[in-house]
Amino acid sequence: MKNSVVIKGNKYGIMVMLDDKIPFEELKEDIVEKFKESSKFFGEASMAITFEGRKLSLEEEREVLDIISENSDIKVVCVVDNDKKREEVYKESIEKKVADAAYSNGQFYKGTLRNGQVLECESSVVILGDVNPGAKIISTGNVVILGALKGIVYAGITGDASSFVVALEMNPVQIRIGDVIARCADNKSRFKKNKPETKIAFVEDDNIYIEPLSKDVLSDLHF
Amino acid sequence: MSEVIVVTSGKGGVGKTTTTANVGTGLAKLNKKVVLIDTDIGLRNLDLVLGLENRIVYNLVDVVEGNCRAKQAMIKDKRYSNLYLLPSAQTRDKSSVTPEQMLALIEELREEFDYIILDCPAGIEQGFQNAIVGADRALLVTTPEVSAIRDADRIIGLLEACETKKRCDLIVNRIRMDMVKKGEMMTIDDVQDILAIDLIGAVPDDENIVISTNQGEPLVGSDSLAGQAYMNICKRIIGEDVPLLDLSGKKGVFSKISGIFKKN
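Here the protein sequences line up with chains A and B, keeping their order. Residue 1 is where the first sequence starts when you use my numbering, and the numbers rise one by one after that. Residue 1001 is where the second sequence starts when you use my numbering, and the numbers rise one by one after that.
I should point out that these hints are in silico values taken from the structure, not numbers from a laboratory. Quick caveat, the model's predicted, so the values are computed rather than measured. Accuracy of the hints is not assured; some may be wrong.
Between beta-carbon pairs, the in silico distance windows are [what the hints assert, rightly or not]:
1) A/Y109 x B/E1111: 37 to 45 Å
2) B/G1239 x A/E122: 44 to 52 Å
3) A/V118 x B/E1184: 32 to 40 Å
4) A/V217 x B/D1193: 25 to 33 Å
5) A/Y109 x B/D1193: 16 to 24 Å
6) A/E211 x B/P1099: 45 to 53 Å
7) A/K110 x B/E1125: 25 to 33 Å
8) A/T198 x B/K1182: 25 to 33 Å
9) A/I94 x B/S1147: 46 to 54 Å
10) B/N1208 x A/Y109: 41 to 49 Å
The C-beta atom is built at its ideal place from N, Cα and C for all residues, glycine as well.
Using the sequences and the accompanying hints, generate a full structural model.
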C-alpha cells in the first residue's frame, strides 16, 4: 500500500497529506486512486480542504482539485491555507480594515431621541434632530448633533479621547469623551435658555472643554 | 368615519381625566356621537368627573369578560343623549384586560360612534398599552413643569415606536399666565420646543375647573377661560381652524387689539 496520499479528517473537512518526494505526475495518479477508493465513504459531503506535506503551486493545486472532483462526489467548499505567515498578514490587514471602518465611518440617525431612548453606535454618528433630556447616545467615535443636545452623550466609549461632540445647541446633562466625564452646572435654570450657539466638546489635558465651533478649534482637531 | 383618541400623559395628576371629560362633552355638544372609555382599572375617576357614578351597573372588565354586552355597560350621559361612558372596574387591576380584548372592543364600538375617547392611566405599563393599542391619535396632556414634560417626552417616544403610527397632539394644561410673565413658569413655546409636536390647545389654570370637577359638571363651552379653551380643542379635533385663545384674561382694549394682530 502506497502512503504518498493520506486523508485525515479535521474540524472543517479533510486534510490531504501529500508526499513531496515523488514526482507530481506520479502523485496525481495516487490521488486518483485514493479518492476513487474513498468516494463511497465521503459521499456528497461538502467540506473544506487543506493540503499538507508538499508545497503546491497554484497550477498544481487546481489540478489536484480537478482530480478530486472528477473521482469523487466531494464538494470542495474552499481550500484552507495552512501557511502561518500568510495567515498572519491576512489577519492583520483585516483587523486594520475593521478598525479603520469603525473609526472613519459614520452613521446617520434621523429623528428626535426622547426620554428613555438610547442610541448605541459602533461608529461615529450624526443625529438629525434633538437629543432630549433623559435620552442617551453611546458611540465609539464622534457624535454630531444637528439639533439641541439636552441629554447624555458618551463619545469614544472604547477609550478614545480624541473623539469630539458637536451640537447646534449644547446643553448636555452629562458628557463623556473617552474616560473623562463632565456634567452640567447645578445652578443652571432648567428652562431659561441661553442663545443657541453651535459648540464643540473635546478633551484636553484630561478635561472636557466646550467651546464655540470656530475655524481655529476645528483646525486643532486630530482624529 | 370614526376616530379613536387616547388621552395620555405619562405623569399622573396633570389632567387626563378632566381633559377626557371636557373634550368628550364638548364633542357631544358639537353633535357628535361619543363614547368615553375609562381604562384606568382599579382607580376609576371619569365617572365622578362626569357625575355619573350612581348609574354604574356593569363595567369595562364585565364587557371584555363577556358578563354583559357593551350596550348594557355603556351609561348614557344625563346632559347629552349622544354621549356615553364605559366605566372601568374598581375592584380589579390592569391585568384584567389584554390589548387584544381592547382592540376587539374598540372595533365593535367603531361601528356606532363618531369618536371613541380613551382615558389612559398614568404610567407606561399594561394599562397604558391597553389604552393606546387601538387608538388612531393621541392627545398628550402635560403641565408646564419639568417632570411632566420629561414623562410626556417618554410617552411620545413610545407612541412613535408603535407599529401603527399615531398622530400625536399636545395639550398644555394649567398654564398660569401671571407666572409665565414673571418668568417663573415655562411658556407654551418652551414646552413645544422640547416636545416638538403639534399643539392642539392650551388650558389655563382655572379655579372653575376644580369646582366643575367636584360637582361632576364638565365646564366645556362655558364662559370661563378654561371652558373656552376646551371648546376650542374640540373644534380643532373635528377639523375646524380656530385661533389660539388669549390666555392673559384681560379684557382691555389694548390686549384685544394686540390679539387681533397675533391672529394674523
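Exercise. Evaluate the given range 41 to 49 Å for the C-beta pair formed by B/N1208 and A/Y109.
Key: 45 Å, holds
Quiz item: CB of A/I94 to CB of B/S1147, is that within 46 to 54 Å?
Solution: Since the Cβ atoms of A/I94 and B/S1147 sit about 50 Å apart, the hinted range of 46 to 54 Å holds.
Exercise. Check the following: the C-beta atoms of A/E211 and B/P1099 are separated by a distance inside 45 to 53 Å.
Key: The hinted range 45 to 53 Å holds for A/E211 and B/P1099, with Cβ atoms some 50 Å apart.
Self-check item: Supplied distance hint 25 to 33 Å, evaluated on CB atoms of A/K110 and B/E1125
Solution: 29 Å, holds
Practice problem: Confirm or reject the claim that B/G1239 and A/E122 have a C-beta distance inside 44 to 52 Å. | Solution: 46 Å, holds
Practice problem: Kindly confirm whether 37 to 45 Å is satisfied by the beta carbon distance between A/Y109 and B/E1111. | Solution: 41 Å, holds
Exercise. Mind checking the hinted window 25 to 33 Å against the Cβ distance between A/T198 and B/K1182?
Key: Once the Cβ atoms are compared, 31 Å apart, the range 25 to 33 Å for B/K1182 and A/T198 holds.
Quiz prompt | Range agreement (Cβ of B/E1184 with Cβ of A/V118, hint 32 to 40 Å) | solution = 33 Å, holds
Quiz item: Does the hinted range 25 to 33 Å hold for A/V217 and B/D1193 at CB?
Solution: 27 Å, holds
Quiz item: Measuring from beta carbon to beta carbon, are A/Y109 and B/D1193 in 16 to 24 Å?
Solution: 20 Å, holds
Checked against the numbered hints listed earlier, the structure breaks none of them; every hint is satisfied.
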